[in-house]
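Just so you know, the protein sequences line up as chains A and B, in that order.
According to the numbering used here, the first sequence is numbered sequentially starting from 10.
According to the numbering used here, the second sequence is numbered sequentially starting from 24.
It is possible that part of the hints are untrue.
Which chain B residues stay away from chain A? Per the calculated CB distances, all over 10 Å, these [as the list claims (entries may be wrong)]:
#, residue
1, 118
2, 184
3, 239
4, 281
5, 285
6, 286
7, 347
If you want a taste of the chain B side facing chain A, the calculated C-beta under 10 Å gives, among others [what the hints assert, rightly or not]:
#, residue
8, 36
9, 91
10, 169
11, 202
12, 220
13, 222
14, 224
15, 274
16, 277
17, 320
In short, the hints are calculated from the structure, not lab data.
Every residue gets a Cβ at the ideal spot worked out from N, C-alpha and C, and that includes glycine.
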Amino acid sequence: LGTLRRNMMRVTGAVALSAALALSAAACGEGDGGSGGDGNTVTIGFMGDLTGEAAGIVKPPNNGAKLAVEEYNATNPKVKITIKDYDSQGKPEQATGLAQQAIRNDKIVGMIGPAFSGESQSVGPILEEGKIPSVTPSATQVTLGDKGWKYWHRALADDAVQGAGVADFIQRTVQAKKVFVIHDNQEYSKGLADVVTNTLKGKSVNVQNDVIDQRGTDYSSTVNKVRTFAPDAVFYGGYYAQAGRLLKQLREGNVDARFLSGDGALDPGLLSGAGAANTKDTLIACPCLIDPTGQANAASKKFSEAYKARFKADTAIYSAEGYDAARVFVEAVKAGNTTAEDINNFIKTVNFTGVTKQMKFGANGEVSATDVYIYQAQGGKLPLLGNVKDAKLG
Amino acid sequence: LNFAELWLSTIDGLSLGAIYALVALGYTMVYGVLRLINFAHSEIFMIGTFAALFTVSGFALSSPVGGVALIGVTLVLALVAGVASGGSAMVLEYVAYRPLRKKGASRLAALISAIGASIFLQQFFALFVIPPLFDRPTEGGRLPVQEQFVERCDLFTSCLPGWTTQWLPDWFTRNVQISNDKLLVFVAAILMMIALDQFVNRTRLGRGIRSTAQDPESAVLMGVNIDRIVSATFAIGGAMAGVAAALYLVRFEETHFFVGFLLGIKAFTAAVLGGIGNIRGALAGGFALGLIEMWGSVVFGSEWQNVVAFSVLVLVLMFRPTGILGESLQQARA
Numbered sequence: 010l011g012t013l014r015r016n017m018m019r020v021t022g023a024v025a026l027s028a029a030l031a032l033s034a035a036a037c038g039e040g041d042g043g044s045g046g047d048g049n050t051v052t053i054g055f056m057g058d059l060t061g062e063a064a065g066i067v068k069p070p071n072n073g074a075k076l077a078v079e080e081y082n083a084t085n086p087k088v089k090i091t092i093k094d095y096d097s098q099g100k101p102e103q104a105t106g107l108a109q110q111a112i113r114n115d116k117i118v119g120m121i122g123p124a125f126s127g128e129s130q131s132v133g134p135i136l137e138e139g140k141i142p143s144v145t146p147s148a149t150q151v152t153l154g155d156k157g158w159k160y161w162h163r164a165l166a167d168d169a170v171q172g173a174g175v176a177d178f179i180q181r182t183v184q185a186k187k188v189f190v191i192h193d194n195q196e197y198s199k200g201l202a203d204v205v206t207n208t209l210k211g212k213s214v215n216v217q218n219d220v221i222d223q224r225g226t227d228y229s230s231t232v233n234k235v236r237t238f239a240p241d242a243v244f245y246g247g248y249y250a251q252a253g254r255l256l257k258q259l260r261e262g263n264v265d266a267r268f269l270s271g272d273g274a275l276d277p278g279l280l281s282g283a284g285a286a287n288t289k290d291t292l293i294a295c296p297c298l299i300d301p302t303g304q305a306n307a308a309s310k311k312f313s314e315a316y317k318a319r320f321k322a323d324t325a326i327y328s329a330e331g332y333d334a335a336r337v338f339v340e341a342v343k344a345g346n347t348t349a350e351d352i353n354n355f356i357k358t359v360n361f362t363g364v365t366k367q368m369k370f371g372a373n374g375e376v377s378a379t380d381v382y383i384y385q386a387q388g389g390k391l392p393l394l395g396n397v398k399d400a401k402l403g
Numbered sequence: 024l025n026f027a028e029l030w031l032s033t034i035d036g037l038s039l040g041a042i043y044a045l046v047a048l049g050y051t052m053v054y055g056v057l058r059l060i061n062f063a064h065s066e067i068f069m070i071g072t073f074a075a076l077f078t079v080s081g082f083a084l085s086s087p088v089g090g091v092a093l094i095g096v097t098l099v100l101a102l103v104a105g106v107a108s109g110g111s112a113m114v115l116e117y118v119a120y121r122p123l124r125k126k127g128a129s130r131l132a133a134l135i136s137a138i139g140a141s142i143f144l145q146q147f148f149a150l151f152v153i154p155p156l157f158d159r160p161t162e163g164g165r166l167p168v169q170e171q172f173v174e175r176c177d178l179f180t181s182c183l184p185g186w187t188t189q190w191l192p193d194w195f196t197r198n199v200q201i202s203n204d205k206l207l208v209f210v211a212a213i214l215m216m217i218a219l220d221q222f223v224n225r226t227r228l229g230r231g232i233r234s235t236a237q238d239p240e241s242a243v244l245m246g247v248n249i250d251r252i253v254s255a256t257f258a259i260g261g262a263m264a265g266v267a268a269a270l271y272l273v274r275f276e277e278t279h280f281f282v283g284f285l286l287g288i289k290a291f292t293a294a295v296l297g298g299i300g301n302i303r304g305a306l307a308g309g310f311a312l313g314l315i316e317m318w319g320s321v322v323f324g325s326e327w328q329n330v331v332a333f334s335v336l337v338l339v340l341m342f343r344p345t346g347i348l349g350e351s352l353q354q355a356r357a
């Protein structure tokens with residue numbers, strides 16, 4: 010009967026979804042159709058979850074991209090860029106329809122995104138067929154780089170680099186001898202946790218694993234396992250809602266070990282979910298750079314100030330990556346490339362200093378830089394601690 | 024096998040099982056009287072958690088509460104959530120089930136009505152209640168809402184004053200760890216169940232419920248007002264879910280519109296495991312399920328928790344189709 014009920018819910022979900030699709034299609038149809046074609050402007054798309062559950066981590070790169078384009082258009086160039094949003098809600102099935110619409114109706118010459126790995130999996134082939142270059146500011150799943158896509162690029166390091174980086178950090182800087190690695194069985198979570206587990210085992214660290222139920226609230230069985238294992242550090246692969254809940258229950262269960270997690274947990278929601286008192290010794294890794302004080306480089310301070318002036322908000326996760334991804338297209342257009350094919354060829358050779366890193370792509374579309382940064386919970390915020398290679402524990 | 028972990032899991036299993044058992048009562052009582060699985064009961068629980076959360080937010084506590092103050096807060100929360108859930112359950116019965124019953128619709132129609140009511144309530148909370156009430160417009164109520172108000176302590180090391188526990192041997196305090204919230208949840212649930220059992224067995228209304236469960240037609244002939252009995256059954260079952268909701272909030276300090284889904288399935292399972300239609304069975308089923316889940320995690324790992332629990336359910340039903348206490352008592356008690 011449980012299944013019956015779940016199926017019913019799926020049906021209503023589908024009905025609601027198709028209604029939403031119809032609405033959004035209607036809304037888009039009325040707007041600026043075919044603005045990408047004329048000689049003086051080109052249209053770049055931005056695809057991601059702009060209004061859904063995870064909008065909190067897609068809005069910042071969206072803002073960053075807009076800032077880059079606005080700065081460029083303000084210089085009165087010969088060819089201006091318009092940026093068009095495609096709100097996929099992070100759902101692959103919704104993203105594919107939007108991608109086709111973007112190529113056919115809006116004649117985009119490039120795409121920033123899709124923001125997440127799942128939607129990237131399904132949109133990738135469509136962009137490939139339409140020969141539209143894309144640069145994602147946030148999809149970090151490893152397998153995306155192995156597809157042999159010619160038009161796909163990624164502006165940050167993937168989960169394998171991130172996992173290895175954080176495992177290094179756990180072993181070398183935290184100096185943990187015993188580590189408990191947990192994930193919630195989602196694709197991203199399991200992938201990251203597995204990399205961390207394997208890297209740590211390779212360094213002969215004693216690792217134990219457990220899995221939590223993403224939909225559940227009671228993680229006490231996992232907490233009991235951690236408690237009896239008494240590790241020096243706990244790593245969790247997953248998103249911030251579950252990470253916060255897990256951290257809270259771990260601390261309430263008298264587990265004082267350092268708590269580490271990956272980019273999915275880099276959100277203030279982690280801290281409010283866990284409760285301020287429980288966030289001691291909490292470190293979050295991310296292949297992204299959030300650096301308003303310019304600790305890593307001066308450019309990110311300048312970017313953060315411009316971002317704050319424009320959006321009345323602090324820079325957040327992936328905002329600088331969104332900016333750099335858009336800059337790739339800006340550089341391409343600046344160099345006189347206005348067709349998708351020319352832009353893609355240009356991206357193969359692009360090489361400039363972005364806010365987050367040197368923007369330069371390998372043949373497989375991966376950015377060359379492999380920086381992973383670590384953030385430490387402090388006073389209700391997650392300020393930058395440093396690069397995992399040389400960060401010191403505070 | 025790790026015995027320290029087994030002990031911790033036993034405590035967790037009992038406190039989780041207590042919540043399952045209280046929610047299971049609603050399923051089992053309604054089934055006893057109407058032979059209907061009230062699938063919207065999980066949302067009655069959800070409403071209770073929100074009522075309790077809203078109340079505790081209203082207290083605007085300056086710091087987390089522990090000890091006797093926590094018991095007081097829990098009492099108030101249980102009262103408010105019980106009234107909210109019990110009331111909602113009565114309204115639900117009046118709107119979603121009574122019209123069907125009056126027209127003599129099939130039980131399947133009532134079941135569909137229950138599923139509809141469940142989805143309606145979930146989405147109503149996600150879209151119209153949570154965003155304005157908890158100031159969450161951008162997420163549309165999808166993320167959990169929380170209020171941290173419980174100060175936790177360990178019974179034998181930090182809760183009680185030193186002189187009461189100093190004579191305890193060291194190995195005891197080191198290994199026997201019970202936190203105050205888990206103990207509170209367990210004790211409160213047991214008290215509620217004793218109260219309910221006495222109520223159903225001793226009072227006039229309880230006799231009405233039992234008679235309706237046994238034989239509705241004869242009950243009517245004996246002058247029992249069936250509509251009143253059904254209303255009361257929903258109200259009592261709902262109130263129990265409300266108390267469970269308050270205890271759930273004390274234990275986890277968060278809720279969301281989907282909170283009832285998984286817990287509802289588990290509680291329904293507990294009701295079936297204990298013998299649906301039987302009040303004491305719900306208690307047995309709840310604790311059994313909580314313990315099986317936790318012990319299963321100890322042996323096989325947490326990802327097997329549900330697999331173990333449902334395997335045991337299937338096994339029990341294979342050999343005892345009526346559940347643990349189903350057979351002999353089903354007719355005798357509500």
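Status of the hints after comparison with the structure:
With a least beta-carbon separation of about 19 Å from chain A, residue 118(B) lies farther than 10 Å from that chain, consistent with its non-interface assignment. In this structure residue 184(B) is separated from chain A by more than 10 Å, as the shortest Cβ-Cβ distance comes to about 20 Å. With a minimum CB-CB distance of about 24 Å to chain A, residue 239(B) clears the 10 Å threshold, and the non-interface call stands. Look at residue 281(B): its CB is around 8 Å from the nearest CB on chain A, not clear of 10 Å, so calling it non-interface is violated.
Against chain A, the non-interface label of residue 285(B) is violated: not every CB pair exceeds 10 Å, the least being about 5 Å. In this structure residue 286(B) is not separated from chain A by more than 10 Å, as the shortest Cβ-Cβ distance comes to only about 8 Å. Interface exclusion of residue 347(B) from chain A stands, the closest Cβ pair being 20 Å apart, more than 10 Å. Interface restraint check: residue 36(B) against chain A, minimum CB-CB distance 9 Å, threshold 10 Å, status holds.
Interface restraint check: residue 91(B) against chain A, minimum CB-CB distance 20 Å, threshold 10 Å, status violated. With 10 Å as the threshold, the beta carbon of residue 169(B) comes within range of chain A, its nearest partner Cβ sitting at about 7 Å, so the hint holds. Here the hint on residue 202(B) is kept, as its CB sits about 7 Å from the closest CB of chain A, short of 10 Å. Checking residue 220(B) against chain A: minimum C-beta separation of about 26 Å lies over 10 Å; hint violated.
The criterion of a C-beta within 10 Å of any C-beta in chain A is not met by residue 222(B), whose closest approach is roughly 29 Å, and the hint is violated. Of the supplied interface hints, the one on residue 224(B) is violated, with its beta-carbon coming no nearer than about 30 Å to a beta-carbon of chain A, more than 10 Å. At about 8 Å, the closest approach between the beta carbon of residue 274(B) and any beta carbon in chain A falls short of 10 Å, and the interface hint on this residue holds. About 7 Å separates the beta-carbon of residue 277(B) from the nearest beta-carbon of chain A, less than 10 Å, and the hint is met.
Checking residue 320(B) against chain A by beta carbon gives a least distance of about 3 Å; that is within 10 Å, so the hint holds.
Checked against the numbered hints given earlier, the structure breaks hints 4, 5, 6, 9, 12, 13 and 14 and satisfies all the rest.
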